[in-house]
Amino acid sequence: MDATVLYSETFLAFATYATIAVVKMMLMAPLTAYLRLTRQVFANMEDTKLLNPAEDKKLVRVDPDVERVRRCHQNDLENILPFVVVGLFYALTEPTPSTALFHFRVFVGSRIGHTVAYLLPLPQPCRALCWATGVATTLSMAFRVLGATLHL
Amino acid sequence: MDATVLYSETFLAFATYATIAVVKMMLMAPLTAYLRLTRQVFANMEDTKLLNPAEDKKLVRVDPDVERVRRCHQNDLENILPFVVVGLFYALTEPTPSTALFHFRVFVGSRIGHTVAYLLPLPQPCRALCWATGVATTLSMAFRVLGATLHL
Amino acid sequence: MDATVLYSETFLAFATYATIAVVKMMLMAPLTAYLRLTRQVFANMEDTKLLNPAEDKKLVRVDPDVERVRRCHQNDLENILPFVVVGLFYALTEPTPSTALFHFRVFVGSRIGHTVAYLLPLPQPCRALCWATGVATTLSMAFRVLGATLHL
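Residue numbers (this note's numbering), protein chains in the order written: chain A, 1 to 152; chain B, 1 to 152; chain C, 1 to 152.
Just so you know, these hints were derived from the structure itself, not from any lab.
Among these hints, one or two may not hold up.
No copy is singled out in the list; a pair is fine if it fits within one copy or between any two copies.
For lysine-lysine, the following DSBU-like pairs were computed, each having C-alpha atoms within a straight-line distance of at most 35 angstroms [unchecked claim]:
(1) K24 with K58
(2) K57 with K24
(3) K24 with K49
Computed from a predicted structure; not experimentally measured.
One chain only, chain A, in its complex shape (with noise of 0.2 angstroms):
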């Protein structure tokens, strides 16, 4: 392992990927604050105010495809952020380039087929697969990291 790793191409590869898939998991939240203005399902009694000068106990409710955009984010969370834990570690292993933007481009890939799986929605086991794909590769690239550095 070498210091150079963070300009080599895999690490510049990993950075542009774990960017998009960063940045796609953040656009779940404007997304549940679209539904949540337009379908005036709030979460917290001031929220209501953003609407109406009085606020109405009416409008903190929930709402079924809010509900459905926030379980999306957070299995974004539960998978997006792991994998850009253990990319980095495992970019910094200099794996073979094309592995690793093999890797990358799945992971990416799996992610945005997960969110229009969930989101339209698309019939099981649509998204099931989906989520199954990003989660092996993860798996592929920490069983990498853990042969290449493993010191208990």
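Given the coordinates of chain A, assemble chains B and C onto it according to the supplied hints.
Coordinates of chains B and C only, in the frame set by chain A:
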């Protein structure tokens, strides 16, 4: 991009602000625990024994103030962790130190403002503006990262 | 701080323990999926089709054991990801290797103990002590990071 970035002024500032933001996020958990114990509101049956020798089913319930702190904690996870990921790559692109410091300060300030606005709570759109400022800061850094490293 | 830290003994140990902690966290998702399928408890309408050809509204419901695993997963997100962020900076401050190893081992041990205590469940305060040990480890590392890098 050079490996000495790891001890550049920008990287040290990033380490400082990212650590402050993460520690701030971690403090939401003791606050939740404090409210759960003082208001006797628990999520698990076995937790009720922390107060009474006999477990009490009625104490496993939901409280609006506990849920407020938990939503604030969740919002931190959804915003501070992306900042840390994008900010790490951003610090490695060797931005102008003053520009980088400006991003880090605005982000951490916006998250402290967000927590204050969420917990008091302040009238909207205080919280919405703090949240949007943090998102804008992270997206601005992501934009530079993608411009500097793009490697698909 | 020197760029060769990336292949120091401490950094390799950090990569190992952080990967183990993140993989442990990821395993909560298959456990949730397993419980959802065996107990027929789903969060989405389309998921019920994974078992029956006809979608069944009654299977979209909440189950206390599934919620327990999900709370454990959420607690991992709230604790393991901060450990990874703070630990990364900590490993870059070139701590004494034995002190660093002690922090990493105590943290990963406390999180495995936390999961066991949450899922069985063990009587309190087992889980509370495991959680507090993990938080104390991360805060101890954060304290050293802020002392070594402070750059506001």
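Inset, instruction - Go through the copies and call it for K57 and K24: within, between, both or neither, with a Cα cutoff of 35 angstroms. - result: both (33 angstroms within a copy, 31 angstroms between copies)
Inset, instruction - State whether the alpha carbon distance between K24 and K49 is at most 35 angstroms within one copy, between copies, both, or neither. - result: For K24 and K49, both the intra-copy (29 angstroms) and inter-copy (28 angstroms) Cα distances are at most 35 angstroms.
Legend entry - Status of K58 relative to K24 across identical chains (alpha carbons, at most 35 angstroms): So K24 and K58 pass the 35 angstroms test inside a copy (32 angstroms) and across (33 angstroms) alike.
Of the numbered hints stated above, none is contradicted by the structure.
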